[in-house]
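Number of protein chains: 4
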Amino acid sequence: MIVVMSPLATKENLQDVIKKLESLNLRTHLSTGDERTIVGVIGDKKIIANLEMEMMTGVEKTVRITEKYKLVSRDFHPQDTVIDVDGVEIGGKEIVVMAGPCAVESLEQVREAARAVKEAGAKILRGGAFKPRTSPYDFQGLGEEGLKILRDAADEFGLKVVTEVVDREDIPMIEEYADILQVGARNMQNFQMLKALGSAKKPVMLKRGLSATISEWLNAAEYIMTGGNENVMFCERGIRTYETFTRNTMDLSAIAAIKELSHLPIVADPSHGTGRRPMVAPMARASIAVGADALMIEVHPNPERAWSDGNQSLTPAQFKDLMANLGDIAKAVGRTI
Amino acid sequence: MIVVMSPLATKENLQDVIKKLESLNLRTHLSTGDERTIVGVIGDKKIIANLEMEMMTGVEKTVRITEKYKLVSRDFHPQDTVIDVDGVEIGGKEIVVMAGPCAVESLEQVREAARAVKEAGAKILRGGAFKPRTSPYDFQGLGEEGLKILRDAADEFGLKVVTEVVDREDIPMIEEYADILQVGARNMQNFQMLKALGSAKKPVMLKRGLSATISEWLNAAEYIMTGGNENVMFCERGIRTYETFTRNTMDLSAIAAIKELSHLPIVADPSHGTGRRPMVAPMARASIAVGADALMIEVHPNPERAWSDGNQSLTPAQFKDLMANLGDIAKAVGRTI
Amino acid sequence: MIVVMSPLATKENLQDVIKKLESLNLRTHLSTGDERTIVGVIGDKKIIANLEMEMMTGVEKTVRITEKYKLVSRDFHPQDTVIDVDGVEIGGKEIVVMAGPCAVESLEQVREAARAVKEAGAKILRGGAFKPRTSPYDFQGLGEEGLKILRDAADEFGLKVVTEVVDREDIPMIEEYADILQVGARNMQNFQMLKALGSAKKPVMLKRGLSATISEWLNAAEYIMTGGNENVMFCERGIRTYETFTRNTMDLSAIAAIKELSHLPIVADPSHGTGRRPMVAPMARASIAVGADALMIEVHPNPERAWSDGNQSLTPAQFKDLMANLGDIAKAVGRTI
Amino acid sequence: MIVVMSPLATKENLQDVIKKLESLNLRTHLSTGDERTIVGVIGDKKIIANLEMEMMTGVEKTVRITEKYKLVSRDFHPQDTVIDVDGVEIGGKEIVVMAGPCAVESLEQVREAARAVKEAGAKILRGGAFKPRTSPYDFQGLGEEGLKILRDAADEFGLKVVTEVVDREDIPMIEEYADILQVGARNMQNFQMLKALGSAKKPVMLKRGLSATISEWLNAAEYIMTGGNENVMFCERGIRTYETFTRNTMDLSAIAAIKELSHLPIVADPSHGTGRRPMVAPMARASIAVGADALMIEVHPNPERAWSDGNQSLTPAQFKDLMANLGDIAKAVGRTI
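Residue numbers (numbering that gives the first Met the number 0), protein chains in the order written: chain H, 0 to 336; chain W, 0 to 336; chain F, 0 to 336; chain L, 0 to 336.
Don't take each hint at face value.
In this list, chains with the same sequence are indistinguishable; a pair is considered to hold if it fits within one copy or across any two.
Claimed, not checked - Derived lysine-lysine pairs resembling DSSO-like cross-links, with alpha carbons at most 30 Å apart:
id	residue 1	residue 2
1	K60	K194
2	K117	K60
3	K194	K319
4	K330	K18
5	K18	K67
6	K44	K147
Hints were generated in silico from the structure; no laboratory data involved.
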């Protein structure tokens with residue numbers, strides 16, 4: 000349930016409302032806008048069903064929410080959420096670019112990638128130290144050694160770090176190196192890990208599952224937010240369909256959907272979304288046009304020799320070209336990059 | 000097979016090549032560029048397999064094509080094809096907008112829609128007179144009477160007409176009223192109709208089938224082109240996936256794919272592609288950003304009373320707003336609108 | 000709407016009911032069971048909405064139908080429909096087997112196939128004379144010459160003929176050769192052809208579209224039945240999914256669904272449904288177990304040399320083995336074969 | 000690589016082969032058949048590429064395997080694997096039935112279910128104590144308390160227990176109560192958990208992911224087997240498609256595929272596979288017909304009051320009817336039940 004306060008409501012009115020709700024063991028979430036404050040209410044359904052708040056002073060109206068997700072819902076929190084990643088804002092006017100190799104292979108590789116993406120304008124370095132791979136015989140990542148490489152290269156070039164978590168046990172360790180904790184598509188409904196991320200200190204980027212509905216995706220984010228971590232961003236990376244020309248079918252309408260249904264930022268990943276190098280640039284442009292708050296792009300110093308995902312990685316030169324072209328699109332939708 | 004002529008080849012060299020190919024009962028398609036001419040060769044596979052053209056004067060090299068589609072392939076015809084729709088060019092620098100109601104309901108409805116879309120900048124009026132409907136008890140369209148209404152309204156406001164063909168028998172009659180013949184998603188592999196459209200005089204807009212692969216779509220266009228009608232454009236209108244929040248999943252990467260694989264123009268239909276009014280504008284913007292040559296948008300004077308597809312139709316005012324916003328995006332990708 | 004007559008209703012009561020409905024320009028369809036008669040009512044929704052039939056003598060109750068399909072619905076016609084194909088019954092206790100090559104290639108090929116499938120116990124010969132092919136350069140079938148071959152081979156060995164219709168213009172001609180008119184997956188929503196089949200004299204087998212929902216499939220059959228042709232059977236041949244190990248994903252639950260929702264018979268096609276020879280036998284067994292009324296199996300005298308679908312065709316020997324194994328399964332579900 | 004020993008090979012020949020392979024740091028897996036022994040070889044690809052084993056005495060031939068999965072492959076292990084679940088064999092001639100409620104709700108509920116399923120012939124009790132739920136506000140299971148209930152009810156009625164693991168940390172605790180550890184669809188590619196299950200002492204049942212390919216599924220099992228746990232069985236529970244009439248689309252051809260590609264047993268779950276009570280019985284029959292080694296069926300004493308999945312649960316009476324009907328089908332495919 001949402002309690003919408005009147006523009007004329009006083010602080011005391013608001014505190015009375017909260018006090019009443021808490022006295023019934025209900026949890027509250029405040030969203031303070033320019034004109035009015037909105038109080039989100041979560042808790043025992045039966046108690047909420049019998050709540051009558053309209054008669055309290057300062058309450059304009061109440062709205063019942065039928066969707067299961069609450070904290071991620073734009074109904075609960077009408078303003079866009081802007082996440083502060085150690086100084087880099089995601090969800091604001093500026094479109095943020097995350098770039099780097101699929102997997103951390105060596106310090107040289109990561110340094111070369113970091114230098115290139117920084118020069119082209121990226122703010123965040125991506126790279127996998129723990130790789131979820133279909134086969135147990137494929138390269139599984141360098142682990143903590145890879146995290147150190149990422150951190151060192153990022154620090155050298157003034158970048159932030161986003162990297163994937165594949166096991167909830169690793170969260171405290173990864174938090175020491177990374178600025179954003181990525182949940183991969185295969186773990187979108189690894190609910191134990193989502194719960195653990197709810198008490199993580201760092202922002203979380205939640206990739207859409209291979210065949211997750213938008214509703215399931217929002218509910219997965221709700222798992223993290225109910226744990227207390229409000230810094231959640233989504234990442235569209237393509238869904239599984241019958242089409243085989245592309246690696247996945249990138250669902251750009253999902254970006255519009257998330258913007259409509261939630262206040263949280265959303266990142267677009269055209270590299271995994273298409274799996275084909277020539278499509279990365281046009282789909283990056285389209286992602287900005289449809290409303291993405293950030294882009295995630297695979298860049299490898301030498302894609303043909305990449306240990307994974309070479310087909311979809313840009314060279315530093317291609318990435319530079321791409322970045323040079325995004326400013327006009329961003330401007331056309333009232334953003335900067 | 001493709002025979003690439005040398006930049007130094009003379010007209011006589013080219014004619015010798017063509018003469019030789021025709022003497023073997025092979026068909027040829029010329030694509031004349033600024034620097035060199037390319038000769039596409041179609042016919043008996045065994046004869047082509049044994050062809051040795053490299054030794055002929057003026058031939059630079061030959062390329063074997065493994066894809067089944069030839070005439071639609073960009074290998075065969077490297078330059079973009081621009082289709083002239085009675086003075087309106089599709090596939091050139093200008094992005095063309097087609098708009099109007101899902102179904103023709105009455106002269107008043109169509110006139111009102113035509114006036115509105117013309118004022119906002121559309122060049123082509125859309126509307127269905129023959130409606131393929133899931134149930135036999137649903138409204139099946141006004142038929143020829145609907146075509147007259149479309150033509151009259153279009154002429155009054157200086158618009159061209161695009162409308163759907165559902166039966167190959169109707170083609171000659173529909174050609175008298177329409178400027179573009181639309182093949183709907185359900186008929187994308189109605190091969191008899193595609194063959195008949197091969198000898199139609201008007202351009203054809205081929206919508207992607209509900210679950211058609213990009214390869215099947217290109218081959219469907221090949222059916223039309225082999226019949227002699229070279230004015231074929233594609234239309235992405237969403238594919239069927241597990242997601243139910245949207246009516247279809249609009250596959251914008253398919254637009255990039257068509258641009259890569261074919262020289263033919265492509266139209267984006269965010270109305271059917273999403274089935275949800277609030278998504279039409281963002282997905283229209285993204286369609287332009289990814290490279291679409293035209294947009295198809297449903298506009299109804301009174302969407303709540305539309306006989307079909309009301310949920311996805313814009314009001315005239317919403318359409319006007321949308322059009323006012325597309326210029327910047329078009330400019331950002333080097334196009335006009 | 001359905002009008003359920005009382006077990007005690009007289010013929011006069013029934014005639015009064017029909018007279019009343021027809022006087023309101025409503026159409027009626029009778030379903031006469033052992034105990035009671037059911038009158039299906041179709042026509043103007045507003046008139047039906049205001050109908051009050053319960054007070055008429057002999058009427059037990061009326062039931063409003065919310066699904067769009069009526070005539071195909073088991074609500075309208077509770078008993079199983081048994082279709083008489085020139086003496087071969089489909090939908091009764093006996094499971095009927097249709098077998099033969101994908102495409103008619105030559106008289107020798109079809110005669111050899113016909114002899115083999117007849118000896119193994121098939122009742123109906125399958126074979127395509129008109130082939131819907133993805134590419135215009137693929138073999139499109141022998142046309143009427145192929146139909147003659149099919150008919151001659153079938154007559155020689157005492158078989159019936161099922162063959163595909165790809166153009167409504169061909170229906171009268173194909174009816175002269177075939178006993179069952181097949182609608183292929185790509186034409187399931189070729190509504191003009193469905194309407195034309197509504198006035199055909201021969202039974203129709205309606206294959207499920209590549210990505211058709213069960214509801215769309217039932218409505219497609221409704222198009223045929225509303226035209227007056229009540230001899231419609233369904234055919235499950237696999238749907239399109241992300242899985243590539245099989246050619247399609249055969250949806251056996253659709254057979255259970257059709258049996259629940261409709262009174263019409265259903266055929267299972269494990270050859271197209273799986274596209275892999277080793278799976279044909281196990282999926283044929285499962286089809287019978289789940290309730291299929293008939294099987295359609297591709298058999299080619301020499302699969303490696305088949306012009307199409309060789310990978311999924313059984314040899315005559317494999318088909319004989321398969322048939323020898325189906326009796327026990329049929330018996331286990333109270334059927335014969 | 001597979002080394003196929005000659006039927007005439009001596010034990011010494013075999014030991015020489017193994018010794019040679021181990022000296023190269025390669026791992027070996029023996030599969031001893033009636034006639035010959037097969038040695039599966041896993042390890043460094045480069046070393047294997049250069050292996051020349053054919054000249055060793057007793058070696059008949061070597062076969063290179065291109066698929067990434069090895070230990071699960073039927074090439075490596077031609078005989079069917081039979082898993083001994085504390086005396087109940089899965090993968091042998093007898094089809095084993097696992098049944099019980101979706102979630103453990105109370106001791107009474109589980110006891111009632113256990114009594115009913117035992118009486119009807121089930122050998123294994125199913126029930127979830129840890130429930131992966133789309134929303135954080137849905138019932139998440141009773142946890143260890145639920146496991147105790149399951150164990151007690153199972154012991155009282157002489158049943159074994161299968162239950163889901165959702166967190167690798169819980170494995171040792173769950174092993175104390177359960178006989179089979181279930182991996183749910185959402186965790187099929189939770190690779191950390193799969194690795195942990197590789198050192199579990201109890202057999203694992205690996206459900207197919209919502210949109211997992213057969214190849215991904217086999218590779219997921221390979222993760223468990225490479226860890227040393229050879230008692231892995233698959234469970235087909237339906238995949239995600241566009242069809243909404245059923246909860247999932249149960250892919251029975253996947254059962255045939257697993258039987259072709261792997262030696263491991265496979266369970267069919269028509270309750271989750273269809274999500275609709277009336278379809279459970281026909282799809283259970285079809286599962287046996289296509290080759291399933293076991294069935295998993297949801298049974299609840301009072302489905303309308305079930306906390307989850309009530310729509311797909313059978314009543315005890317319905318389950319009894321179902322079981323009474325499966326014997327004939329089992330017999331028809333040479334099995335018992």
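Results of checking the hints against the structure:
no.: 1; hint: K60 to K194; verdict: neither (32 Å within a copy, 52 Å between copies)
no.: 2; hint: K117 to K60; verdict: neither (49 Å within a copy, 43 Å between copies)
no.: 3; hint: K194 to K319; verdict: neither (38 Å within a copy, 40 Å between copies)
no.: 4; hint: K330 to K18; verdict: neither (45 Å within a copy, 54 Å between copies)
no.: 5; hint: K18 to K67; verdict: within (24 Å within a copy, 52 Å between copies)
no.: 6; hint: K44 to K147; verdict: between (46 Å within a copy, 29 Å between copies)
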